[in-house]
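Asks: Letter by letter, the chains look like this.
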Amino acid sequence: MCLGIPGQVLEIVDDANSIARVDVSGVKRNVSVALVRSEGIAPGDWVLIHVGFAMSKIDEAEARETLKALQLMGDVYTDELKLLHSSQIE
Amino acid sequence: MKFVDEYRDPELAKRIAAEIARLSEGRPLKFMEVCGGHTHTIYKHGIEDVLPRSIDLVHGPGCPVCVLPMGRIDDAIAIARTEGVIFTTFGDMMRVPGSKGSLLDAKAEGADVRFVYSPLDALKLARQYPDRQVVFFAIGFETTAPSTAVTLLRARAEGVKNFSVFCNHVTIIPAIKAILDSPDLRLDGFIGPGHVSMVIGMRPYTFIARDHHKPVVIAGFEPLDIIQAVYMLVKQISEGRAEVENQYTRVVRPEGNMRALEAMARTMELRPFFEWRGLGFITHSALKLRPEFADWDAELRYEVPGLRVADPKACQCGEVLKGVIKPWECKVFGTACTPETPIGTCMVSPEGACAAYYNYGRFSMAAERDHLRSLSQTP
Ligand code: SF4
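Protein chains in written order, with the working numbering: chain A, 27 to 116; chain B, 86 to 464.
Errors might be hidden in some of the hints.
As a list, the in silico DSS-like pairs of lysine-lysine whose alpha-carbon atoms are at most 30 Å apart [stated by the list, open to error]: (1) Lys115(B) - Lys192(B); (2) Lys262(B) - Lys373(B); (3) Lys398(B) - Lys262(B); (4) Lys54(A) - Lys108(A); (5) Lys373(B) - Lys192(B); (6) Lys416(B) - Lys115(B); (7) Lys108(A) - Lys83(A); (8) Lys320(B) - Lys185(B); (9) Lys94(A) - Lys108(A); (10) Lys83(A) - Lys209(B); (11) Lys209(B) - Lys54(A); (12) Lys108(A) - Lys209(B); (13) Lys99(B) - Lys320(B); (14) Lys83(A) - Lys94(A); (15) Lys108(A) - Lys192(B); (16) Lys94(A) - Lys99(B); (17) Lys373(B) - Lys185(B); (18) Lys373(B) - Lys83(A).
What the hints contain is simulated information worked out from the structure, not anything from laboratory work.
Using the sequences plus the hints, can you model the full thing?
Replies: The structure is reproduced here in structure tokens:
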């Protein structure tokens, strides 16, 4: 739960509720960007996601390094991805 | 140095470790990593084997699953067993033992308990099942509290009435205060939690440096981050400084995430006090819903026993959470208490020190034993 996973914003799907479609290691799901919108969120941006919420905007190089490190974490990361997979946020 | 090759930059890691050894000059130093995510990284990547032996990393109370007292689990189970309720929770909480079994046991006995990835998934379930009551078991520090807050704001805006939150969010600063005030432990500094700080920023830690003269370095979650943070702590000490520094600048802004803090302030307020497993009652250490959100407050909506339940006798999670003992010093560690049959919470969550130690720490344990043996053999 304390694990933040990087995702890349594909598009804003619900402007009023600040919901964006993101790609996390190939898994495409909706997350809330309400808490980072003031930083200006556009397709292509990378964010750090916790329990379905983007909590911080990060740069692309950082996102890729973090992903690499997460893959080394093994189970903890794949479990988090499985959970994300089950998510159906609208 | 078994795992050093997996680090982002192994050469750099070795160089920093050497620099830590030079600066600390063999002086024994004890640093607490507050966050369970750090504990996990430390064991998983064998960081204790990379650092000089004089540096002792002790594990703190920053594992939200671990610090929840048994009485609250019993309350959660009572809600979950209520007719018509769909009880939603993060996966970690499922196997945490209450006084009479876990949520998983309740599920096996017919309660409708479901994993969710996000509080927003719980809200979606409520819209999907308008005839049922959906309760979200909200746990976690400031990292997850804002998500609960935004979900509540949305539930109110959309008028979703069959959704409520069983709020167990806790705040990190009072727990650190409690540890600093406890006589059991002498610490030389803190590795500050990365993702909590992403929300609260750097300022709330100032008192540790100012009043307790201990350095704090906020750190990221990769092995190299933690080694770097230890270096920054040792450097402060060697220069006679005690300040709050940020190693995790790529994610943590000095002021935190204002939007997240705002959302929390709009929906939640401090409880006068809250019980923490092992640490007892700590004033102003947890959040409950504001009166304006009474309609979404599961604590008001359902009968909960609300009883204080003593931890099992054999359980030493309290001492582990305060960093007073190492996981393997608990008498039931690895025998009666394992991840399959946990007695205490620290064995359940992957962020719990006992689980992390059980899964990965045995390399260090073996090294520790060898080290002690070699000491006792030197004349
Ligand atoms: S080994 Fe089990 S009972 Fe002992 S401190 Fe760890 S979790 Fe608690």
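Asks: Work down the list of hints and note, for each, if the structure agrees.
Replies: Evaluated hints:
Straight-line distance between C-alpha atoms of Lys115(B) and Lys192(B) comes to about 43 Å, which puts the hinted pair past the 30 Å bound. Simply put, Lys262(B) and Lys373(B) have alpha-carbon atoms about 20 Å apart, close enough for the 30 Å limit, and the pair holds. This hinted pair checks out: Lys398(B) and Lys262(B) have alpha carbons roughly 26 Å apart, not beyond 30 Å. For the proposed pair Lys54(A) and Lys108(A), the alpha carbon gap of about 12 Å is at most 30 Å, so the pair holds.
Distance hint between Lys373(B) and Lys192(B) is fulfilled; the C-alpha atoms sit about 26 Å from each other, no more than 30 Å. A C-alpha spacing of about 23 Å is found between Lys416(B) and Lys115(B), which places the hinted pair at or below 30 Å, so the restraint holds. Using a Cα cut-off of 30 Å, the hinted pair Lys108(A) and Lys83(A) holds, with the two alpha carbons roughly 23 Å apart. Straight-line distance between C-alpha atoms of Lys320(B) and Lys185(B) comes to about 49 Å, which puts the hinted pair past the 30 Å bound.
At roughly 17 Å between alpha-carbon atoms, Lys94(A) and Lys108(A) fall within 30 Å of each other, so this suggested pair holds. With a CA separation close to 26 Å, the supplied pair Lys83(A) and Lys209(B) stays within the 30 Å bound. Taking the CA atoms of Lys209(B) and Lys54(A), the gap is near 18 Å; set against the 30 Å cutoff, the hint holds. Restraint check: the Cα-Cα separation between Lys108(A) and Lys209(B) comes to about 18 Å, which is no more than 30 Å; the hinted pair holds.
Simply put, Lys99(B) and Lys320(B) have alpha-carbon atoms about 16 Å apart, close enough for the 30 Å limit, and the pair holds. Among the hinted pairs, Lys83(A) with Lys94(A) is consistent with the structure: their alpha-carbon atoms are about 18 Å apart, no more than 30 Å. A C-alpha spacing of about 21 Å is found between Lys108(A) and Lys192(B), which places the hinted pair at or below 30 Å, so the restraint holds. Restraint check: the Cα-Cα separation between Lys94(A) and Lys99(B) comes to about 20 Å, which is no more than 30 Å; the hinted pair holds.
For a cut-off of 30 Å, the pair hint linking Lys373(B) to Lys185(B) stands: about 25 Å separates their Cα positions. Taking the CA atoms of Lys373(B) and Lys83(A), the gap is near 28 Å; set against the 30 Å cutoff, the hint holds.
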